[in-house]
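From first to last, the protein sequence lines stand for chains A and B.
Heads up, the first sequence is in my numbering, so the first residue is 1 and it goes up one at a time.
Heads up, the second sequence is in my numbering, so the first residue is 1 and it goes up one at a time.
Keep in mind that the hints were calculated from the coordinates and are not lab data.
Honestly, I wouldn't trust all of these hints.
[Claimed, not checked] The calculated EDC-like cross-link candidates involving lysine to aspartate or glutamate, where the alpha carbons are at most 20 Å apart (straight line), are:
#1 Lys-79(A) x Glu-113(A)
#2 Lys-17(B) x Asp-137(A)
#3 Lys-5(A) x Asp-218(A)
#4 Lys-278(B) x Asp-137(A)
#5 Lys-278(B) x Asp-21(A)
#6 Lys-260(B) x Glu-113(A)
#7 Lys-79(A) x Asp-67(A)
#8 Lys-246(A) x Glu-257(B)
#9 Lys-233(A) x Glu-182(B)
#10 Lys-118(B) x Glu-128(B)
#11 Lys-237(A) x Glu-106(B)
#12 Lys-192(B) x Asp-220(B)
#13 Lys-246(A) x Glu-182(B)
#14 Lys-266(A) x Asp-271(B)
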Amino acid sequence: MEAIKFEHVSFAYEHGFVAVDDISFNIQSGEKVAIIGQNGAGKTTTVKMMNGLLRPKSGEITVFGDDASKKTTATLSKKVGYVFQNPGDQIFNQTVYNEIAYSLKYLKMDKTEVERRVNSAAAMCYLSDELQTNPYDLPFSIRKFVTIASVVAMNVDVVILDEPTAGQDLLGLLHQKEIIEQLHQMGKTVVTISHDMEFVIDNFDRIIVMADKKIVGDANKREIFWDFELLDKAALKQPVVSQLAKRLELKRNIINIVDFVSEYEK
Amino acid sequence: MAVLELKDVTFKYQLAKETILENISFSIEKGEFVALVGRNGVGKTTLCSIMRGLIPTFHTGTMSGQVLLNGLDIGEMSIGDLALHIGFVFQNPFVQVSGVKQTVFEEVAYGLENLGVKRSEIIRRVEEMLHQLNIEHLRSKHPMQLSGGQSQRVALASVLVMDPEILIIDEPTSQLDPQGTEEVFETIRLLKERKKTIILVEHKVDWVAEYADRVIVIDDKHIVKDASASEVFSDPMILETGNNLPQVALLALRLLELGKVDFNKIPTTLDEAVEQLKGRADNGGN
Ligand SMILES: Nc1ncnc2c1ncn2[C@@H]1O[C@H](COP(=O)(O)OP(=O)(O)OP(=O)(O)O)[C@@H](O)[C@H]1O
Ligand SMILES: Nc1ncnc2c1ncn2[C@@H]1O[C@H](COP(=O)(O)OP(=O)(O)O)[C@@H](O)[C@H]1O
Ligand SMILES: [Mg+2]
Ligand SMILES: [Mg+2]
């Protein structure tokens, strides 16, 4: 089943600035997809249309078979959860617990269920010890996990992560890998925007590339990261290991250390 | 003489149970490019605040030790004076917008305006900065209506345009696309050529290894290593401080472990890796 389908979708901000121009793609339920590409390409704008935070100027968006234009943002948000690029745009409660519980309470869920959901989302996002902390007393990197937990607690079918990797250290990246893996195991659809090429390669196979308001690539990572014209258009670079393979004139399509080692063994 | 020197600095935030940094000492020479690395929450941003003289005045707490700027104790200088010497770029690009300017051009010009710089000079410097950071196309956009990476470039431009002697830059590339990250490191290289002193907090160790002169590693309140980028990043112990190693170093360690290749030194830059691996693919492992 198709979770998300975009057909000839365009978007313009007020004052008419076109940020997304005629894009089409679809994402299957249960799929893991990364979106990458140059700053200002329209990635955030695109994913915000998936749950009605922004509405297209033209084109059709379908969410699990339903025409999104006929659904309210609140209804769409029960199926599609968006984790903001800037945690400051999302967080407004005084404690981590209340922040994660906010939407659940809003939906008038009963108390024990709220508690169960908050605790399990917090555990998944390594926040069990911070439930009574004010989110703004947490470092920026950890605050991102609070916003992820809020969306996880909603038990949505599609989880969209907008640059979760920004500012994360080694452990933070490892935790995010685990979260994405768990969501995938649970059958969720995961869409992640990231500028960290190693992270993208480590966690995703299908990659959508955006540049200058359009989708300029949608393929397996092994194709994407050896398509130099595409990489250049989208302000991307090959991962370092691929650059090394290229300079040593090894086989094409090496994208990580494992590939490199096995090619080197031959 | 050192531009910036820390002597045995220890600090504890007011309400915290424990000290956050202990016995921090180092000195930085004019024109040096020093990277500060360590896991999240280790105190890198706190150390930046200390070097900017904001601690213990603005962020309250208890500090001992001394910070010297060109040999003078910064405790005796005003924040305004310090700000003329030290430019600072915030870790979180979403907070560094003045909120009073309507266009990116005016936003970048704001600091110079406040200093009373001549308009023609302002225009020249802002233009140069917009070009350098590849944001010319954003000049007429509203500073609050930018994408994440665009905001981060504008934040950096607003500080660099002031042309301070020392730059403290806290994770300036976290929201940038790969080419944007390269542009920032190239910009820092140009600043270094002009004898600016640069202190950079950065998680992207592949880039740090390519560009920085020196790396200071902080772990568990202390400086645990302070050496050349090449020495720091060829040491697998760094992984235990919560920092990654450059991809080429990780690869070399893996090849070494498998007994495929011997390295006289673990490479930390792409050029080094190419040099050490070139022509060895066919006899590796023997
Ligand atoms: N509120 C707004 N009003 C007008 N233009 C906007 C607004 N928000 C974003 N834009 C513009 O729309 C374009 C796309 O922005 P978007 O945030 O989708 O980019 P992005 O691909 O997510 O970039 P990044 O990687 O930097 O986060 C950019 O040119 C940006 O300047
Ligand atoms: N104003 C403050 N008051 C109390 N604790 C703080 C304050 N600012 C930061 N901290 C704490 O100090 C520690 C170090 O933070 P920070 O310097 O931001 O680390 P880093 O920049 O290395 O991620 C963290 O545990 C953080 O929560
Ligand atoms: Mg974005
Ligand atoms: Mg910090």
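Quick rundown of the hints versus the structure:
no. : hint                    : verdict
1   : Lys-79(A) x Glu-113(A)  : holds (18 Å)
2   : Lys-17(B) x Asp-137(A)  : holds (15 Å)
3   : Lys-5(A) x Asp-218(A)   : holds (14 Å)
4   : Lys-278(B) x Asp-137(A) : violated (50 Å)
5   : Lys-278(B) x Asp-21(A)  : violated (45 Å)
6   : Lys-260(B) x Glu-113(A) : violated (55 Å)
7   : Lys-79(A) x Asp-67(A)   : holds (13 Å)
8   : Lys-246(A) x Glu-257(B) : violated (23 Å)
9   : Lys-233(A) x Glu-182(B) : holds (15 Å)
10  : Lys-118(B) x Glu-128(B) : holds (16 Å)
11  : Lys-237(A) x Glu-106(B) : violated (32 Å)
12  : Lys-192(B) x Asp-220(B) : violated (30 Å)
13  : Lys-246(A) x Glu-182(B) : holds (19 Å)
14  : Lys-266(A) x Asp-271(B) : violated (23 Å)
The structure fails hints 4, 5, 6, 8, 11, 12 and 14 (numbered hints given earlier, in ascending order).
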